[in-house]
Amino acid sequence: MTPHSLRSNRSTLAAIGAAFALMIGLLVSPAAAQRASDTTLARVLVLGTGGTIAGQASARAGNAYDSGKVNSADLVAAIPGIDKLARISAEQIASIGSQDMNDKVWFDLVKRIRAAVDSKEVDGVVITHGTDTMEETAFFLQNVLDTDIPIVLVGSMRPSTAIGADGPANLYEAMRVASAPESRGRGVLVVLNDTIHGARWVQKTNTTSVQTFVSPDAGPVGYVDTGALRYLHPAVPAERAKLKLPEAPPLPRVDIIYSHANMDAAPIEDAVKRGAKGIVLAGVGDGNSSKAAIDALAAAAKQGVVVVRSSRVGSGFVNRNVEVEDDKLGFAVALDLNPQKARVLLQLLIAGGITEPKAVQQAYTATP
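By this note's numbering, the letter at position 85 of the sequence shown is numbered 85, and the numbering carries on one by one without gaps.
Simulated from the structure, these hints should not be mistaken for lab results.
Some hints could be false.
[Said to hold, decoys possible] Here are the simulated BS3-like cross-link-like pairs (lysine-lysine), alpha carbons at most 25 angstroms apart as the crow flies:
{"id": "1", "residue 1": "K291", "residue 2": "K277"}
{"id": "2", "residue 1": "K302", "residue 2": "K277"}
{"id": "3", "residue 1": "K69", "residue 2": "K104"}
{"id": "4", "residue 1": "K104", "residue 2": "K291"}
{"id": "5", "residue 1": "K291", "residue 2": "K273"}
{"id": "6", "residue 1": "K104", "residue 2": "K277"}
{"id": "7", "residue 1": "K291", "residue 2": "K242"}
{"id": "8", "residue 1": "K358", "residue 2": "K302"}
{"id": "9", "residue 1": "K328", "residue 2": "K358"}
{"id": "10", "residue 1": "K111", "residue 2": "K69"}
{"id": "11", "residue 1": "K84", "residue 2": "K242"}
{"id": "12", "residue 1": "K120", "residue 2": "K242"}
{"id": "13", "residue 1": "K291", "residue 2": "K120"}
{"id": "14", "residue 1": "K84", "residue 2": "K120"}
{"id": "15", "residue 1": "K291", "residue 2": "K302"}
{"id": "16", "residue 1": "K242", "residue 2": "K273"}
{"id": "17", "residue 1": "K244", "residue 2": "K291"}
{"id": "18", "residue 1": "K111", "residue 2": "K242"}
{"id": "19", "residue 1": "K84", "residue 2": "K111"}
{"id": "20", "residue 1": "K244", "residue 2": "K111"}
{"id": "21", "residue 1": "K358", "residue 2": "K277"}
{"id": "22", "residue 1": "K273", "residue 2": "K328"}
[Unchecked claim] Each pair of labels, with its calculated beta carbon distance range:
{"id": "23", "residue 1": "N206", "residue 2": "A366", "range": "28 to 38 angstroms"}
{"id": "24", "residue 1": "E182", "residue 2": "E269", "range": "47 to 57 angstroms"}
{"id": "25", "residue 1": "Y258", "residue 2": "A218", "range": "18 to 28 angstroms"}
Quick reminder that beta carbons are idealized off the backbone N, C-alpha and C, glycines included.
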(Lines of atoms letter the chains of each structure in order from A; the text may use other names.)
(Lines give C-alpha, C1' and ligand atoms only; values in the text may rest on other atoms or scores of the structure.)
Protein backbone atom coordinates (compact mmCIF):
# COMPACT_ATOMS: atom_id res chain seq x y z
CA MET A 1 0.00 0.00 0.00
CA THR A 2 1.46 3.39 -0.96
CA PRO A 3 1.69 6.25 1.56
CA HIS A 4 -0.92 8.13 -0.51
CA SER A 5 -3.44 5.28 -0.38
CA LEU A 6 -2.80 4.84 3.37
CA ARG A 7 -3.51 8.50 3.97
CA SER A 8 -6.62 8.21 1.79
CA ASN A 9 -7.90 5.19 3.75
CA ARG A 10 -7.24 6.94 7.05
CA SER A 11 -9.20 9.98 5.81
CA THR A 12 -12.07 7.75 4.70
CA LEU A 13 -12.17 5.97 8.07
CA ALA A 14 -12.08 9.27 9.89
CA ALA A 15 -14.95 10.56 7.80
CA ILE A 16 -16.95 7.39 8.45
CA GLY A 17 -16.20 7.64 12.17
CA ALA A 18 -17.30 11.27 12.26
CA ALA A 19 -20.48 10.45 10.40
CA PHE A 20 -21.18 7.51 12.74
CA ALA A 21 -20.58 9.71 15.77
CA LEU A 22 -22.97 12.30 14.35
CA MET A 23 -25.60 9.62 13.78
CA ILE A 24 -25.20 8.36 17.35
CA GLY A 25 -25.51 11.92 18.57
CA LEU A 26 -28.71 12.39 16.61
CA LEU A 27 -30.08 9.13 17.99
CA VAL A 28 -29.08 9.77 21.59
CA SER A 29 -29.83 13.47 21.84
CA PRO A 30 -33.64 13.19 21.64
CA ALA A 31 -33.63 10.53 24.36
CA ALA A 32 -31.39 12.69 26.51
CA ALA A 33 -33.62 15.67 25.81
CA GLN A 34 -36.66 13.58 26.76
CA ARG A 35 -35.03 12.64 30.07
CA ALA A 36 -34.13 16.26 30.66
CA SER A 37 -37.71 17.37 30.06
CA ASP A 38 -39.37 14.55 32.02
CA THR A 39 -39.82 16.82 35.02
CA THR A 40 -42.06 19.08 32.93
CA LEU A 41 -44.54 16.27 32.25
CA ALA A 42 -47.65 15.85 34.38
CA ARG A 43 -47.56 13.14 37.03
CA VAL A 44 -50.39 10.65 36.56
CA LEU A 45 -51.26 7.79 38.87
CA VAL A 46 -52.93 4.75 37.26
CA LEU A 47 -55.11 2.74 39.63
CA GLY A 48 -56.13 -0.66 38.32
CA THR A 49 -59.37 -2.38 39.32
CA GLY A 50 -59.58 -5.07 36.63
CA GLY A 51 -62.34 -5.25 34.05
CA THR A 52 -62.36 -6.22 30.38
CA ILE A 53 -59.49 -3.83 29.64
CA ALA A 54 -57.36 -6.16 31.80
CA GLY A 55 -58.98 -9.34 30.45
CA GLN A 56 -57.47 -12.37 28.75
CA ALA A 57 -59.05 -14.78 26.31
CA SER A 58 -60.76 -17.92 27.62
CA ALA A 59 -61.41 -21.25 25.88
CA ARG A 60 -65.10 -21.19 26.88
CA ALA A 61 -66.15 -19.68 23.55
CA GLY A 62 -64.73 -17.80 20.61
CA ASN A 63 -65.28 -14.41 22.22
CA ALA A 64 -64.98 -15.47 25.88
CA TYR A 65 -62.55 -13.87 28.29
CA ASP A 66 -61.74 -13.57 32.00
CA SER A 67 -61.65 -10.09 33.50
CA GLY A 68 -58.87 -8.56 35.55
CA LYS A 69 -55.97 -10.84 34.59
CA VAL A 70 -53.47 -8.17 33.51
CA ASN A 71 -52.17 -5.66 36.04
CA SER A 72 -52.22 -1.94 35.41
CA ALA A 73 -48.43 -1.59 35.14
CA ASP A 74 -48.32 -4.14 32.31
CA LEU A 75 -51.23 -2.45 30.55
CA VAL A 76 -49.33 0.84 30.57
CA ALA A 77 -46.01 -0.73 29.54
CA ALA A 78 -47.60 -2.31 26.47
CA ILE A 79 -48.65 1.03 24.90
CA PRO A 80 -46.01 2.69 22.69
CA GLY A 81 -45.49 6.38 23.36
CA ILE A 82 -47.68 6.67 26.43
CA ASP A 83 -44.63 7.58 28.51
CA LYS A 84 -44.26 10.73 26.40
CA LEU A 85 -47.58 12.01 27.78
CA ALA A 86 -46.87 11.88 31.51
CA ARG A 87 -44.67 10.57 34.28
CA ILE A 88 -46.71 7.49 35.08
CA SER A 89 -46.92 5.34 38.20
CA ALA A 90 -49.27 2.37 38.44
CA GLU A 91 -50.84 0.54 41.36
CA GLN A 92 -53.38 -2.25 41.63
CA ILE A 93 -56.43 -1.63 43.83
CA ALA A 94 -58.40 -4.72 42.75
CA SER A 95 -58.51 -7.33 39.97
CA ILE A 96 -62.19 -7.98 39.40
CA GLY A 97 -64.84 -7.74 36.75
CA SER A 98 -66.89 -4.62 37.40
CA GLN A 99 -70.00 -6.73 37.94
CA ASP A 100 -68.30 -7.48 41.27
CA MET A 101 -67.54 -3.85 42.09
CA ASN A 102 -68.24 -3.20 45.76
CA ASP A 103 -68.09 -0.68 48.58
CA LYS A 104 -64.64 -1.82 49.75
CA VAL A 105 -63.03 -1.10 46.38
CA TRP A 106 -64.80 2.26 46.25
CA PHE A 107 -63.49 3.18 49.69
CA ASP A 108 -59.98 2.00 48.76
CA LEU A 109 -60.03 4.17 45.63
CA VAL A 110 -61.13 7.23 47.61
CA LYS A 111 -58.46 6.64 50.26
CA ARG A 112 -55.65 6.34 47.70
CA ILE A 113 -56.79 9.29 45.60
CA ARG A 114 -57.18 11.53 48.64
CA ALA A 115 -53.70 10.56 49.84
CA ALA A 116 -52.22 11.33 46.42
CA VAL A 117 -54.00 14.69 46.24
CA ASP A 118 -53.16 15.70 49.81
CA SER A 119 -49.47 14.87 49.32
CA LYS A 120 -49.43 16.71 45.98
CA GLU A 121 -47.79 13.70 44.36
CA VAL A 122 -50.00 13.66 41.25
CA ASP A 123 -51.50 15.98 38.67
CA GLY A 124 -54.09 13.48 37.48
CA VAL A 125 -55.50 10.00 38.11
CA VAL A 126 -56.54 7.30 35.64
CA ILE A 127 -58.66 4.39 36.87
CA THR A 128 -58.87 1.27 34.73
CA HIS A 129 -62.30 -0.24 35.26
CA GLY A 130 -64.83 -2.63 33.76
CA THR A 131 -67.59 -0.96 31.77
CA ASP A 132 -70.58 -2.68 33.40
CA THR A 133 -70.60 -0.49 36.52
CA MET A 134 -68.17 2.23 35.44
CA GLU A 135 -70.87 4.89 35.46
CA GLU A 136 -71.70 4.08 39.10
CA THR A 137 -68.09 4.29 40.25
CA ALA A 138 -67.62 7.55 38.35
CA PHE A 139 -70.73 9.07 39.91
CA PHE A 140 -69.75 7.85 43.39
CA LEU A 141 -66.31 9.46 43.09
CA GLN A 142 -67.86 12.65 41.70
CA ASN A 143 -69.89 13.05 44.87
CA VAL A 144 -67.20 12.31 47.45
CA LEU A 145 -63.95 13.69 46.02
CA ASP A 146 -63.15 17.37 46.48
CA THR A 147 -60.36 18.13 44.03
CA ASP A 148 -59.65 20.01 40.80
CA ILE A 149 -57.26 17.41 39.41
CA PRO A 150 -58.60 15.24 36.59
CA ILE A 151 -59.99 11.86 37.68
CA VAL A 152 -60.50 9.76 34.54
CA LEU A 153 -62.11 6.33 34.32
CA VAL A 154 -61.28 4.16 31.33
CA GLY A 155 -62.13 0.67 30.16
CA SER A 156 -62.69 -1.33 27.01
CA MET A 157 -65.29 -3.49 25.35
CA ARG A 158 -62.74 -6.04 24.13
CA PRO A 159 -60.12 -7.81 26.25
CA SER A 160 -56.42 -7.08 25.90
CA THR A 161 -55.83 -10.32 23.97
CA ALA A 162 -58.62 -9.77 21.42
CA ILE A 163 -58.13 -8.97 17.75
CA GLY A 164 -58.93 -5.27 17.50
CA ALA A 165 -58.60 -4.69 21.25
CA ASP A 166 -59.78 -1.16 22.05
CA GLY A 167 -58.12 -0.95 25.46
CA PRO A 168 -54.70 0.39 24.39
CA ALA A 169 -56.14 3.33 22.46
CA ASN A 170 -58.63 4.07 25.23
CA LEU A 171 -55.92 4.03 27.90
CA TYR A 172 -53.64 6.23 25.81
CA GLU A 173 -56.45 8.73 25.35
CA ALA A 174 -57.39 8.63 29.03
CA MET A 175 -53.76 9.43 29.86
CA ARG A 176 -53.90 12.34 27.44
CA VAL A 177 -57.01 13.67 29.18
CA ALA A 178 -55.68 13.15 32.72
CA SER A 179 -52.37 14.87 31.97
CA ALA A 180 -53.85 17.93 30.24
CA PRO A 181 -54.11 21.22 32.17
CA GLU A 182 -57.43 21.97 30.43
CA SER A 183 -58.95 18.91 32.12
CA ARG A 184 -58.67 20.48 35.56
CA GLY A 185 -61.87 21.47 37.32
CA ARG A 186 -64.14 19.29 35.17
CA GLY A 187 -65.01 16.69 37.79
CA VAL A 188 -64.79 12.95 37.21
CA LEU A 189 -64.63 11.95 33.55
CA VAL A 190 -65.15 8.76 31.56
CA VAL A 191 -63.10 8.17 28.39
CA LEU A 192 -63.84 5.51 25.77
CA ASN A 193 -63.89 5.37 21.99
CA ASP A 194 -62.42 8.87 21.42
CA THR A 195 -65.15 10.46 23.56
CA ILE A 196 -65.13 12.20 26.95
CA HIS A 197 -68.23 12.05 29.17
CA GLY A 198 -69.17 13.64 32.47
CA ALA A 199 -69.90 11.34 35.41
CA ARG A 200 -73.44 12.58 36.02
CA TRP A 201 -74.76 11.87 32.54
CA VAL A 202 -72.79 8.95 31.11
CA GLN A 203 -74.51 5.58 30.62
CA LYS A 204 -73.59 2.24 29.13
CA THR A 205 -76.15 1.57 26.40
CA ASN A 206 -74.94 -1.42 24.37
CA THR A 207 -73.83 -4.89 25.45
CA THR A 208 -70.89 -5.26 23.05
CA SER A 209 -70.38 -2.18 20.86
CA VAL A 210 -67.26 -0.05 21.38
CA GLN A 211 -69.64 2.93 21.09
CA THR A 212 -71.47 1.81 24.23
CA PHE A 213 -71.19 4.97 26.34
CA VAL A 214 -73.44 7.93 25.67
CA SER A 215 -74.81 10.83 27.69
CA PRO A 216 -78.47 10.91 26.60
CA ASP A 217 -79.57 14.08 28.37
CA ALA A 218 -76.44 16.17 27.93
CA GLY A 219 -74.09 14.82 25.26
CA PRO A 220 -70.34 14.34 25.64
CA VAL A 221 -68.15 17.03 27.18
CA GLY A 222 -65.37 16.56 24.64
CA TYR A 223 -63.43 14.39 22.23
CA VAL A 224 -59.91 12.99 22.29
CA ASP A 225 -57.68 11.01 19.97
CA THR A 226 -53.98 10.37 19.64
CA GLY A 227 -53.48 13.80 18.09
CA ALA A 228 -55.86 16.20 19.80
CA LEU A 229 -57.96 16.92 22.87
CA ARG A 230 -61.05 19.08 22.37
CA TYR A 231 -63.54 20.15 25.03
CA LEU A 232 -66.87 21.48 23.83
CA HIS A 233 -67.19 24.06 26.62
CA PRO A 234 -64.80 25.80 29.01
CA ALA A 235 -64.49 24.42 32.52
CA VAL A 236 -66.78 26.33 34.86
CA PRO A 237 -66.48 26.63 38.64
CA ALA A 238 -68.71 24.00 40.19
CA GLU A 239 -70.16 23.38 43.61
CA ARG A 240 -67.82 20.96 45.34
CA ALA A 241 -69.03 17.62 46.62
CA LYS A 242 -70.04 17.82 50.27
CA LEU A 243 -71.07 14.22 50.87
CA LYS A 244 -68.94 12.43 53.44
CA LEU A 245 -68.15 8.75 53.62
CA PRO A 246 -68.53 6.71 56.77
CA GLU A 247 -65.33 5.55 58.46
CA ALA A 248 -65.54 2.19 56.72
CA PRO A 249 -67.79 0.25 54.35
CA PRO A 250 -70.45 -0.89 53.77
CA LEU A 251 -72.78 1.86 52.69
CA PRO A 252 -76.44 1.60 53.77
CA ARG A 253 -78.55 -0.91 51.88
CA VAL A 254 -80.61 0.60 49.06
CA ASP A 255 -82.57 -1.67 46.72
CA ILE A 256 -83.65 -0.94 43.15
CA ILE A 257 -87.15 -2.20 42.37
CA TYR A 258 -87.87 -2.65 38.66
CA SER A 259 -91.39 -1.76 37.62
CA HIS A 260 -93.30 -3.80 35.02
CA ALA A 261 -96.79 -4.67 33.84
CA ASN A 262 -99.01 -6.56 36.30
CA MET A 263 -96.74 -5.63 39.21
CA ASP A 264 -97.75 -6.39 42.78
CA ALA A 265 -96.36 -5.20 46.13
CA ALA A 266 -94.22 -8.28 46.87
CA PRO A 267 -90.79 -6.97 45.70
CA ILE A 268 -91.18 -3.80 47.76
CA GLU A 269 -92.44 -5.56 50.87
CA ASP A 270 -89.58 -8.05 50.57
CA ALA A 271 -87.00 -5.25 50.31
CA VAL A 272 -88.31 -3.70 53.52
CA LYS A 273 -88.22 -7.07 55.31
CA ARG A 274 -84.60 -7.58 54.22
CA GLY A 275 -83.57 -4.31 55.79
CA ALA A 276 -83.44 -1.82 52.96
CA LYS A 277 -82.92 1.70 54.26
CA GLY A 278 -83.86 3.14 50.90
CA ILE A 279 -85.69 2.07 47.76
CA VAL A 280 -85.20 3.40 44.24
CA LEU A 281 -88.08 2.69 41.91
CA ALA A 282 -87.00 2.01 38.32
CA GLY A 283 -90.43 3.08 37.21
CA VAL A 284 -92.20 2.92 33.89
CA GLY A 285 -92.36 6.15 31.92
CA ASP A 286 -92.05 9.14 34.25
CA GLY A 287 -91.07 6.95 37.20
CA ASN A 288 -94.53 5.50 37.71
CA SER A 289 -95.74 2.04 38.71
CA SER A 290 -98.87 0.06 39.48
CA LYS A 291 -101.24 1.15 42.23
CA ALA A 292 -100.17 -1.84 44.32
CA ALA A 293 -96.51 -0.89 44.02
CA ILE A 294 -97.08 2.81 44.75
CA ASP A 295 -99.18 1.93 47.81
CA ALA A 296 -96.41 -0.38 49.05
CA LEU A 297 -93.82 2.35 48.54
CA ALA A 298 -95.99 4.80 50.48
CA ALA A 299 -96.25 2.30 53.33
CA ALA A 300 -92.45 1.85 53.27
CA ALA A 301 -91.95 5.62 53.42
CA LYS A 302 -94.16 5.80 56.51
CA GLN A 303 -91.86 3.22 58.14
CA GLY A 304 -88.84 5.45 57.53
CA VAL A 305 -87.57 3.90 54.30
CA VAL A 306 -86.40 6.63 51.91
CA VAL A 307 -88.17 6.30 48.55
CA VAL A 308 -86.88 7.82 45.31
CA ARG A 309 -88.62 7.50 41.96
CA SER A 310 -86.44 7.05 38.87
CA SER A 311 -87.22 5.62 35.44
CA ARG A 312 -86.31 2.50 33.53
CA VAL A 313 -86.57 4.39 30.20
CA GLY A 314 -82.93 5.46 29.92
CA SER A 315 -83.29 9.18 29.21
CA GLY A 316 -85.38 12.15 30.24
CA PHE A 317 -86.30 13.64 33.59
CA VAL A 318 -88.61 12.30 36.29
CA ASN A 319 -90.76 15.20 37.49
CA ARG A 320 -92.46 15.66 40.84
CA ASN A 321 -96.22 15.46 41.36
CA VAL A 322 -97.21 14.76 37.75
CA GLU A 323 -98.81 11.31 37.91
CA VAL A 324 -97.71 10.51 41.45
CA GLU A 325 -98.46 12.70 44.48
CA ASP A 326 -94.89 12.87 45.75
CA ASP A 327 -95.55 15.61 48.30
CA LYS A 328 -98.39 13.66 49.86
CA LEU A 329 -96.64 10.25 49.80
CA GLY A 330 -93.22 11.45 51.00
CA PHE A 331 -91.25 10.53 47.87
CA ALA A 332 -88.28 12.18 46.17
CA VAL A 333 -87.59 12.00 42.44
CA ALA A 334 -84.27 11.29 40.75
CA LEU A 335 -84.62 13.93 38.01
CA ASP A 336 -82.15 12.91 35.26
CA LEU A 337 -80.33 10.20 37.26
CA ASN A 338 -80.89 6.64 36.13
CA PRO A 339 -81.80 4.05 38.81
CA GLN A 340 -78.24 2.86 39.42
CA LYS A 341 -76.91 6.38 39.96
CA ALA A 342 -79.96 7.33 42.01
CA ARG A 343 -79.13 4.37 44.25
CA VAL A 344 -75.52 5.52 44.73
CA LEU A 345 -76.59 9.01 45.73
CA LEU A 346 -79.25 7.70 48.11
CA GLN A 347 -76.70 5.44 49.81
CA LEU A 348 -74.45 8.44 50.40
CA LEU A 349 -77.31 10.61 51.66
CA ILE A 350 -78.54 8.00 54.12
CA ALA A 351 -74.96 7.40 55.30
CA GLY A 352 -74.75 11.12 56.03
CA GLY A 353 -78.04 11.19 57.93
CA ILE A 354 -80.03 12.91 55.16
CA THR A 355 -83.36 11.07 55.06
CA GLU A 356 -86.13 13.69 55.26
CA PRO A 357 -87.86 13.78 51.83
CA LYS A 358 -87.42 17.51 51.23
CA ALA A 359 -83.72 17.36 52.10
CA VAL A 360 -83.28 14.29 49.89
CA GLN A 361 -84.99 16.07 47.01
CA GLN A 362 -82.80 19.11 47.48
CA ALA A 363 -79.71 16.89 47.31
CA TYR A 364 -80.85 15.30 44.04
CA THR A 365 -81.40 18.76 42.59
CA ALA A 366 -78.02 20.08 43.71
CA THR A 367 -75.71 17.12 43.10
CA PRO A 368 -72.92 17.87 40.60
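K84 and K242 were given as a pair; does the straight-line alpha-carbon distance stay at or below 25 angstroms? violated (36 angstroms)
Given the hinted pair K291 and K242, is their Cα-Cα distance within 25 angstroms? Violated: K291 and K242 sit about 36 angstroms apart, past 25 angstroms.
K302 and K277: Cα distance at most 25 angstroms? holds (12 angstroms)
Run the distance test for K84 versus K111: straight-line Cα separation, threshold 25 angstroms. violated (28 angstroms)
Holds or violated: K291 with K273, Cα cutoff 25 angstroms? This hinted pair holds, its Cα atoms lying about 20 angstroms apart.
K358 paired with K302 [C-alpha distance capped at 25 angstroms]: Given pair K358, K302 holds - Cα atoms ~15 angstroms apart, limit 25 angstroms.
When you check the alpha-carbon spacing of K111 and K242, does it fall within 25 angstroms? holds (16 angstroms)
With the threshold set at 25 angstroms, check whether the alpha-carbon distance from K104 to K291 stays at or below it. Violated. K104 to K291 sits at ~37 angstroms, over the 25 angstroms cutoff.
Compare the distance between the alpha carbons of K104 and K277 with 25 angstroms, and conclude whether the hinted pair is satisfied. holds (19 angstroms)
CA of K358 to CA of K277, is that 25 angstroms or under? holds (17 angstroms)
Assess, step by step, whether the Cα of K69 is no farther than 25 angstroms from the Cα of K104, and give holds or violated. holds (20 angstroms)
Given pair status - K358, K328, alpha carbons within 25 angstroms: holds (12 angstroms)
Going down the numbered hints, you'll see the structure goes against 4, 7, 11, 13, 16, 17 and 19, while the others check out.
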